[in-house]
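Chemist: Whatever position you read off the first sequence (first residue = 1), add 395 for this note's numbering.
Take the hints with a grain of salt, since some may be wrong.
Here are the simulated lysine to any residue pairs, SDA-like style, with alpha carbons at most 20 Å apart [unchecked claim]:
#1 K833 with S789
#2 K498 with R485
#3 K521 with M566
Here are the in silico distance ranges between beta carbons for each label pair [unchecked claim]:
#4 S791 with E928: 18 to 24 Å
#5 T878 with W857: 45 to 51 Å
#6 D947 with K906: 52 to 58 Å
#7 D947 with L690: 21 to 27 Å
#8 K733 with S789: 56 to 62 Å
#9 G864 with S789: 38 to 44 Å
#10 S917 with S789: 25 to 31 Å
Hints are computed from structural coordinates only; laboratory data are not their basis.
Glycine included, C-beta positions come from ideal geometry on N, C-alpha and C.
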Amino acid sequence: MDEIKESDTSRHFLRQWIEEDVAAGRTGGTVVTRFPPEPNGYIHIGHAKAVCVDFGMARLFGGECHLRLDDTNPTKESDEYAENIKNDIRWLGWQWSGAGDGKEPGFYNASNMFDTMYAIAENLIKAGQAYCCNLTQDEWKEYRGVPEKPGRPSPSRDTTPERNLEIFRDMRAGKYADGEWCLRAKIDMASPNIHFRDPVIYRIRHVSHYHLGDKWCIYPMYDFAHPIEDALEGVTHSMCTLEFEVHRPLYDWVVDRLDEMGMLVVRNGVKIRPQQREFARLNLTYTVMSKRLLLQMVTEGRVAGWDDPRMPTVCGMRRRGFTPGAIREFCDRVGVTKVESESDTALLEWCVREELNKTALRRMAVLDPVKLVIENFEGTRMASKPNNPLDEASGSREIPFSRELWIDRADFQENPEKKFFRLGPDREVRLAGACIVKCVGYEKDADGKVSLVRCTWDEGSWGGNAPDGRKVKGTIHWVDCATGVKAEVRLYDRLFTVPNPMQDGSDQFLKYLNPESLKTVSAYVEPSLAAAEPGERFQFERTGYFCADAKDFSAAAPVFNRTVTLKDSYKPA
RNA sequence: UGCCUCAUGGUGUAAUGGUAGCACAGCAGAUUCUGAAUCUGCUUGUUAUGGUUCGAGUCCAUAUGAGGCAACCA
């Protein structure tokens, strides 16, 4: 795995916050953070930002970051999701660390804490701080009121602890149906913060859990479980997205209860009180970042799966050809603030070009082939080209060159535009790495499309410049017809046609799907490309960055995915 | 008719009372065996109105705008 560079981002507010706590000795000597995904989907570039913040801050302060699967709601979770989340985080270059709650260091399941959470709930009941409630969901909604007006107490609010304990134990024992009873924290029905109006902390769900099977039929709610997980793991800094800001008082309320119960972790003599802070989630132009909508596109077959290269998922971007370093660089560059913003996809693309320009081997591929014949050329020569002109250590390669070649249709114009300096009647151009040719004629098919370009070559220009010193402005790429390899090339473009597909609401986003987000072409590529490794990345000269498809590539039937085009500043005058 | 956030070029960010800077995008030009890369230059900004201060993007007040909160989701 490549080295993760030190973030050179300025000291953002979370970093300053942690610095202060370290200076004040509140961490007990170790900064501990956590990344807590729910295993109910694949992680996307938005999660990647959170991963970089959580793991990045731990790394910066020499602490540890736990990977915790927040699996408190069994209805949508699965092992498949859990495994892929772990895989994607590793691929991004991060490794969780810390004790862990089983055999794997740094790895936790919230569900492994269910026994403790249950005990804490019973303690709350005994202390008169929680009660069982049998209001229906509709009733509970009605009692809770609206933000503008105080709510009313549940009729069960003053049930005795003894009776509550009895009901709660019966809930656990499976005596009740889903929704019949729930456990609520007893806080303040008049609070302006609706999360304080006696929030539900345990609900009945007769559903098998992917990790624990049928051990439980009651499951803790996020607001109750999350602070317990953080506290018991000894997490010092719990960073999450902005929408949890209004949950923070409740988070602190639960931590206070744990403190009263003497359950907070003590490290090096310091009692660890986990604290939550919130930062803005990542939004990206021309895509959507909601797990629900991504799932919808997968299940409706709008894309080929979670790892479709057009998806903003980590696995999709991996298959598209993005590098972990480019994704990390992007996350670093968008910064960490509390401002809800929309980052420009162009920055992401810049990040991947920036890396691949330095590392990707150059190859030639003709995506829209037109035949070119060099009338006065005979036999075969070997053209030599550097694998990467920016990296001498990458060496060079020999490419067969003969009388008939493929060139790209866009590199010939019958009536050249002003400022077009590639091929046209009577024009000269350099065939990259080979020689200068002059167009002496061309043919068209019945549809009027150019079908053949006739040239002659300047023998003296082989491997260098014209012997008489004349300048040739254009250089084009080519593939030898005799030895070139046929390949399927998948040209990916943005998934949506507008910067914000959610502009008319989340139920309307599909109408902005880009019908041209995938174009598959039959191309000719230079022979060495047949030996590519699946997943290997290249620059197709003058065209873009591509990778051999990790799933579908084979030497017999090569398949390449376009990661991103090269920047193109050609504009006809 | 509640509570909580937030507001700096087109976009993303920095400036922690003392010269509004960086990156991406865009536009020029140089260079080039990739119209890439590289190099040079340029355009564009503190939501508004008051106040405090020698000095305000920063502190205070008001206004305006944007977002979040009313799942037994996370």
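Chemist: Against which earlier hints does the structure fall short, listed by number upward?
Modeler: 1, 5, 6, 8 and 9
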